[in-house]
Every structure is written in structure tokens, then in C-alpha cells.
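Residues per chain are reported as follows:
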Amino acid sequence: MTKARAMNMTAGTGLLEVSGLTVQVATPSGARTVVDDLSFTLESGKTLCIAGESGSGKSMTALSLMQLLPKPMARVSAGTASLAGRDILALSEAEMRQVRGRHIGMIFQEPMTSLNPVLSVGKQLSGAISAHGGLSDSTIRSRALELLDQVQIPEPERRLKQYPHELSGGMRQRVVIAMALAQSPQILIADEPTTALDVTVQAQILALIRKLQADLGISVIMITHDMGVVAEMADDVLVMQHGRMVEHSPASVIFSKPEHAYTSELLAAVPRLGEMTGTTEPKRVAARPGTGPEKPLTAEPLVSVKDLTVRFDIKGGILQRPVQRVHAVEGVSFDIMPGETLSLVGESGCGKSTTGKALLNLIPWQGDIRVGGRPTYGLGPRAMRPVLRDVQMIFQDPYASLDPRMRVGDLVAEPLQIHGLASGSELEDRVAYLFKRVGLSTDQMRRYPHEFSGGQRQRICIARALSLSPKLIVADESVAALDVSIQAQVLDLLQDIQNETGMSYLFISHDMAVVEQISHRVAVMYMGRFVEMGSRSQIFENPQHDYTKKLMAAVPVADPSRPRRAFMEKAEDLPSPVHGLDYVPPRHTPYDIGGGHMVWGDRKEINTSGSAGRI
Amino acid sequence: MLAYVARRLIQTALILLGISFVTFVLLYLVPADPARQIAGRSATAATVENIREQLGLNLPFYEQYLRYLGGLLNGDLGRSYLQKTEVSELIASRLPASLLLMVGAIFCELVLGLTMGVVAALKRGSRTDDTLMIASFVGVSAPQFVIGILLLYVFAVKLGWFPIGGYGTFAHLILPSITLGFLGAGWYSRMMRSSLIDVLRQDYIRTARATGLTRARVLFGHALPNAILPIIAMIGIDIGLFMSGIVVVESVFGWPGIGQLAWQAIQRVDIPIIMGVTLVSACAIVLGNLLADLITPLIDPRIKLR
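If you read the protein sequences in the order shown, they are chains A and B. Counted the way numbering that gives the first Met the number 0 counts, the first sequence spans residues 0 to 614. Counted the way numbering that gives the first Met the number 0 counts, the second sequence spans residues 0 to 305.
Hints may be right or wrong, so weigh each one.
[As the list claims (entries may be wrong)] Just a sample of chain B residues kept apart from chain A, beta carbon distances all over 12 Å, derived:
| no. | residue |
| --- | --- |
| 1 | V4 |
| 2 | V21 |
| 3 | S41 |
| 4 | L71 |
| 5 | L109 |
| 6 | I133 |
| 7 | L149 |
| 8 | L212 |
| 9 | A232 |
| 10 | I236 |
| 11 | S243 |
| 12 | C282 |
[As the list claims (entries may be wrong)] Cross-link-like lysine-lysine pairs, in silico, DSSO-like; alpha carbons within 27 Å at most:
| no. | chain 1 | residue 1 | chain 2 | residue 2 |
| --- | --- | --- | --- | --- |
| 13 | A | K160 | B | K303 |
| 14 | A | K256 | A | K282 |
| 15 | B | K303 | A | K314 |
| 16 | A | K70 | B | K122 |
| 17 | A | K549 | A | K210 |
| 18 | A | K435 | A | K282 |
| 19 | A | K305 | A | K470 |
| 20 | B | K303 | A | K122 |
| 21 | A | K548 | A | K282 |
| 22 | A | K305 | A | K356 |
| 23 | A | K470 | A | K435 |
| 24 | A | K122 | A | K160 |
It should be emphasised that the hints constitute simulated quantities derived from the structure, not laboratory data. By construction, the Cβ of each residue, glycine as well, lies at the ideal position given by its N, Cα and C atoms.
Full structure from sequences and hints, please.
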């Protein structure tokens, strides 16, 4: 390691110099260039962010530097990448192996799948440490413990024996980072390392990477689509579009005076936390004053949920009796008014999706849910049908929620047929109308889902949800899988539909900035409960609960001039929602601190803001 | 874990009860008359009637079944009609030979099938891959008696490398094992190929490669332990396949196992033996599956038996 470091000192400031990198992918219609003549220099000890939307070629760039492109489909067709005087793109597999891990370490997007499920953490980490051999078992072990400590994993001894499925996403990503750093490389390539993580965990991991960089003096190539992450991390920024570099400047320049139109567009599309301060209506309504339907304040709630509780039994023993219980949702109550958007916000596992599913009776639940005054408890599929005409759902993954073997026109027509609302030419007209409504052309109706992009598919899902003219749409992370520019378009579409038809939304999201744009009211969930609920401005401008504050503080802000957050203490896992059968969950009562702003928990703790109170 | 095994064993007992009932019904419905078989062609009607009386064959169906079940609960599989010996003794004397053949066959299957699958996966899209997959296709589709007779003709008759049939030495074991294992090898090579190709595409393989591990360490340390998981479940199911194969293979090679015993008993409508062999096979299949389910969590830590 010291030799390698010394080498890089003598190589001047340019640690890795990439020039003319071109990557091609074989397609049935011939080779397609996905990275086109890309050149950049990675300075020693600096962070270069490669930013761009999906399909911009940023991940392909990273993989080609490691010679990990999925062969034989993708290959580097031209260019050099000079590391300490050697062109690493021209190395043989055996020589390249010496570079991987030793000179360049890499971490990946999806911590849930980046670790081998059948090997213990210790085994995988030892493998990474001893990849190039020549180490004794005790050296490997002490190095493994040292690495886990470096990536701030508590109880490293115990973790070595654990398997990936026993760790949370954030912990797994820390293990992957430890593996990448195992042989002290000078360069760390991080490919969307925090995209799959919750915001609070994302903030921890980003801070960890910054700390490791400062402590170990490594250079980082960070690949991301999130301009907030760019602002948090970058010294230099390289913006890519369709495989080409559109702009390459220092971070401060990119954000203050972007040169290229695409960069400006990308920055404009990023929802920023706090940009709605001082308004009460969602963004789209505020943008077009007077077009929104007048909301009668005294109207009956469209949906009224009282004391919703969802628990799942874990079975075991000879007779498969319940032995433990997952408390997914505990005593949640809320109303949704006609024409209103209520957002449920919280981190993964907090019960927000479960709450949404309960509204459609997709899971068994306890409590009282009324849709338009009708109680839905215990309704069978047939009795539930009229309720489902009023409540529809859009799911997170537009790739998985459309049957790949059905034409998209049929997919949109299906709900109408199931409910017997239209047939023949009337059905066709209705579907054509829906396609136009969501901004698709009617000639696309006869195509199959795989022929559409992610954003188009989500539009198809919206058209399907709209087909029954519901009064409420439950949108479960419906824009989370989309690029920012597409995300902005879909959010606009949802708001336009609301302005036109008076639709209500239950908008489920982990993204505070998106929630701020679209909501009338917001409920913050943690561990199956609401911790705070109120109007958009109450929650975002005057957050009371510690957890709400923590969530907001964790959102990366697309402004590099803001001071970067200090390093946080050791990682912590969420408490488990699994309890014994005799567990009686404590009842929390909300306090109304004025104007319908509800906060759950102890009054004292709420008032002592910033204390290390419970969350 | 113990609770899991206990529950599975209770399930096994219920499965065996069901199988015994279905087999008994089927045999009851068979038009052949066991009493006539035992008595022989020249026997008088009175003799046949006498035998029928002795064996309880003229009792109503449910009574016959309950009597059989009663014996079964006492560990009594009944007596063979023709050989005048306890069925349990007959099976016990034949079982070791069959088990030996099965072990040989599983070995052939795994060695042949897994190697072919791994090589094909690593060289996917190449001519080697195509050749191996055609070979596996032959293995899957060719009937076992054809393969058996072909192997006998080439290696025993023409080349004289192996004995033509019988039982006793290691040389006797080889051709029957290959014949019985060939079908499974075909399946396993295909499964292993697709499973390994799938695993090699996974993110964790990329992670392992990014740390600079050698190809061999990535393959043996990271890929194979994952790729083998579906195969293990398959081995459990396979024991069922063996049970049908064993009847054919033992007849072709004159192997004195329970397959041959069953074949002879079926020809002579020796109901107690047919019942006994069926129950033993059913036991083997259920226990094979149980074993596979118990081994899987040793390799895959995500699976917990409850």
C-alpha cells in the first residue's frame, strides 16, 4: 500500500486520466455507443461526481474502468485510462485483477444484492482482504475488525459471524465499503451508493465516505443521479447525457452558473426542500392561481380511518401456531377530504405502504375504515368491488406492475371490463381518452409494456388507475423509481388531474422534497405510528417531533455552499417491529398544538426541541 | 428444528396412509385373481375358494384394508402369497442392493451432470455449450432400457470391459449406475447451467470480482454455493424418479434389488409384496425430500426451519 501511495505521489496531481473512453453495447440492430469519447482527470484526494439520468452512460463508465462490463454484450471500443502510467483498459484479465481491490475499489448501488447471501460477513470480508494472497489468518482477522470499525459498524466481532440478510441496508452498504477498502486502494468508485437507502441512512453513508476520504486520502468517483448528493460530495462535477459529457466544472460553478442548458434543466427538475415555504397549496396550484376547484371546508371526509392496526403473525412449532407478531401499523387514524392530497412520509419499514394497502383491503387489518361513509371492514372481494371504484392504487415499480404479456390498451381497459362499465367501441373510446389524458398517443395502445420507458409506464399505470374515475388514488412511492425530470412531469400530471377532477391522493413517499411539492397535509410515520400530522406548512416550516426534524435534516440539499454535515456517530439499526404474542403496544395520544397540527408523544419532549428525546 | 422434523414425520405418516389406501384400492380393482394365481391352472374351484377364504380375499373391501392396516401398525407387512415368506424379510434382503445402485447412480448424476452444467455455463454460447446441451437432451429423452441395452452391447458384449449382468463386484455396479444416473445427469446439467448463469449475473459476483478475487475463487467460493441450492431440492425429488427407473434398470441388468422384486410380484399379482415395495418407495421419496430440506439450511443461512 505504501508503495502504491508513493507511486501516486510522484505521478502528479492527475491520479487517473481517462481520455476518449468509448463503450459500445451490442444490440440486435448493431452496436450502440453508450459512452461516447469521454475524457476526464481524477485529481488525487478529490471527489469527482459523474451525474446524469438513467441511460446517460455513467454506470457503464464506472464498470469499464474496472473492466467489469457485462461481456460480451458491452465492450470498450476506444480510449485509455491511465493509472500511474499504465493504461488499465488495455490490461489482461490477470493483470486487471491486480488493479481491482488494490488500486481501485468499487461499491455498488444495491446493498441488498451486493453481498453473497450464503457467506458470512467475515468470510466475504476476509476474501476481499486476502484476494491477492500472502496473509496469515490472524492478520486477516484483525484487518477485518479494523475495517468494520473504520466503516463505523458497532460490535464488529459479532458482525463477522452474521449473514447479509441479518443486516439492514445501511449496514450492508458499510460492509461493501469495507470490502472495497480492504486492500487500501487509492481510488474508490461509488456507483449510486445511497440511491436504495433511506434518507437518514444516506446521510450517514455520505458522511462516512467523506470521512474515509479525509482519513485515508483516497480519491472518489461518485456516480449519482441526485443533484443533492452531488452538492454534498463533489469537488468536481461531470454531467453526462446520452453517453456524452455535457459539462465538466468545479461543483461551485455547476450549481451557481451552469453553462449547459441540460445542466440547468437537471437542476431545475430537482425538488428542493423548503422551496414551498410560505404557500399552502401544492406547487402546481400555486403556479396557476385560480384554477383549483374551491374546496368546501365543511365537506364530509372522503376516507376516514380510525385506529387502523395491521399485525402479521409469524408461525412456528409443530402445529404452526403463531409464535411472534409483526406490528406493522399500530392505531393510525386520519381523514382524507375530497380534492386533498395527504402524504404519508417515513422510512422503509415504517408501515406507510401497509396503510395504503389496507385502504384497498389488500391485506387483513383491524380498526375502522370508511370510504364515502361505507365501512369496508371484512368486505369480501365482491362486496369490495363498488368501493374499489372509488379507490385505486398506483404502485412503485412501473416495470413490475404491468403484465408483460398484455397490450397496454387492454391493461387500461381491464378495470372497466371487470366492473362492467364499458364495452365495445365505448370501451375503446374511453381507453383512448385515458391515454390522451396521461399524455400518451392513442397509437401506442396496441403495444406491450416492454416497449415503453419507465416514465411512460407509470403514465400507463396512472391511466389504468383513472379508468374507473375513482375519487381517491393511493400512490405508493409512484415516482421513486423515475429520473428527476420524468418525476417532475409525473408529479405535474397527478396535480393537473387533481385540479381538473377534484381527485384526492394518499401519497406515500420517503422523499421529503417531493412530499412538500404535492401535499395539502402530511403525516410522518415511524415504526407503524404517526408521530406528527398537520398541514404542509405546519410540518415543513414548524416541525415539532424529533423524528420529523431528523428526517428533514437528512435530505441532501442541492447547494454546495451549504456547510456539509459533520460526521455522525456509529450506525444504529431501527428497533424491530417483531414482538412476542403477549406484547401490548403502548398507546400514544396526540397533542393538538394549534390549527390541527398533531404531535404524538410526551408534551415535555416535544417542547424541548433538539433534545435526545425518543423518536 | 426438532419441531420441524416432528411435524414433517407426522406428515409422512399421513402421506403413507394415503398411499397405502390408494394402492390398496387399485390392487382391489385389478381383474386378476390372486387365489387363482396361487392355486395354479389345474386347481379345482374348491381349492381356489379355499385359498381365497384363507387369505381373507372374500371379505368386503374395507375389512380387508383395515386388516392390512392393523398389521401395518404392528410393523407387519404381511406374507408373500407365492414365496411364503414375510414381505419385510424379502424387502430387507433386497434393499441393500438397490441402495447401492442408487448411491452409484446419484454419484454418476452429480459428477456427470454438475460438471457438464458448470462447463456449459462458463462457456455459454460456445460450441462446447451446444454439444453438452445436446448430450443432456439425449439423457433426458432416451428411455432407460434403450440406454441400458446400448451400454451393455458396447461395453459388456463388444468390448468385454464389464460383466453382462448380475451383482457382486464393483465392476457389476458401473453400467447399471450410469444407466440409472443418465436421466438425472441430463436434468442436473441443464439446471446447473441455468442456475449458474443466473448466479454469475448477480450483483454479489460483481462485488467479489471488484475486490480482485481470482476467477476460481469467485466460481468455487461465491457462485457455486448459490447455484447448487436448487439442485439440492431436486435430489430429494429425484429419489422418486429412481424408484421408477430402478424397476427397469434392475430387470435389464439382472440386479437383485427391490425393483426386480416388484416386477416379479406385479406379474404374479402378489399383492402383499406390491404393497410393501410401494410403501418402501413412498418412504424413500418422502425421506429423501425431508433430507434435502434439512440440508438446504446448512448451505443457505436465509432459510430457517420452523
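Going down the list of hints, with the structure as the test:
For V4/B, the requirement that its beta carbon stay farther than 12 Å from each beta carbon of chain A is not met, with the minimum near 10 Å. The Cβ of V21/B sits about 26 Å from the closest Cβ of chain A, beyond the 12 Å cut-off, so the non-interface label holds. Residue placement check: S41/B keeps its beta carbon more than 12 Å from all beta carbons of chain A (closest about 57 Å). With a minimum CB-CB distance of about 24 Å to chain A, L71/B clears the 12 Å threshold, and the non-interface call stands.
With a cut of 12 Å on Cβ distances, L109/B stays outside the contact zone with chain A, its closest approach being about 19 Å. The Cβ of I133/B lies farther than 12 Å from every Cβ of chain A, with a closest approach of about 22 Å, so its non-interface assignment holds. With a closest Cβ-Cβ approach of about 38 Å to chain A, L149/B is found to remain outside the 12 Å limit, as its non-interface label requires. Its beta-carbon lying about 5 Å from the closest one in chain A, L212/B breaks the requirement of being farther than 12 Å from that chain.
With a minimum CB-CB distance of about 15 Å to chain A, A232/B clears the 12 Å threshold, and the non-interface call stands. Residue placement check: I236/B keeps its beta carbon more than 12 Å from all beta carbons of chain A (closest about 21 Å). Chain A leaves S243/B outside its interface by the beta-carbon criterion, the shortest separation being 32 Å against a cut-off of 12 Å. With a minimum CB-CB distance of about 21 Å to chain A, C282/B clears the 12 Å threshold, and the non-interface call stands.
A threshold of 27 Å between alpha carbons decides the hint, and for K160/A with K303/B the separation of about 16 Å falls inside it, so the pair holds. Annotation: proposed proximity of K256/A to K282/A holds, straight-line Cα distance about 25 Å (limit 27 Å). Distance check on the hinted pair: K303/B and K314/A sit about 12 Å apart at the alpha-carbon level, within 27 Å; holds. For the suggested pair K70/A and K122/B, the alpha carbons sit about 12 Å apart, so the restraint of at most 27 Å is met.
Between K549/A and K210/A the alpha-carbon distance is near 21 Å, which keeps this suggested pair within the 27 Å criterion. With a CA separation close to 23 Å, the supplied pair K435/A and K282/A stays within the 27 Å bound. With a C-alpha separation of about 19 Å, the suggested pair K305/A and K470/A falls inside the 27 Å cut-off, and the hint holds. Restraint check for K303/B and K122/A: satisfied, since their Cα atoms lie roughly 20 Å apart, inside the 27 Å limit.
A threshold of 27 Å between alpha carbons decides the hint, and for K548/A with K282/A the separation of about 22 Å falls inside it, so the pair holds. Annotation: proposed proximity of K305/A to K356/A holds, straight-line Cα distance about 15 Å (limit 27 Å). With a C-alpha separation of about 20 Å, the suggested pairing of K470/A with K435/A holds against the 27 Å cut-off. Taking the CA atoms of K122/A and K160/A, the gap is about 8 Å. The hint holds against a cut of 27 Å.
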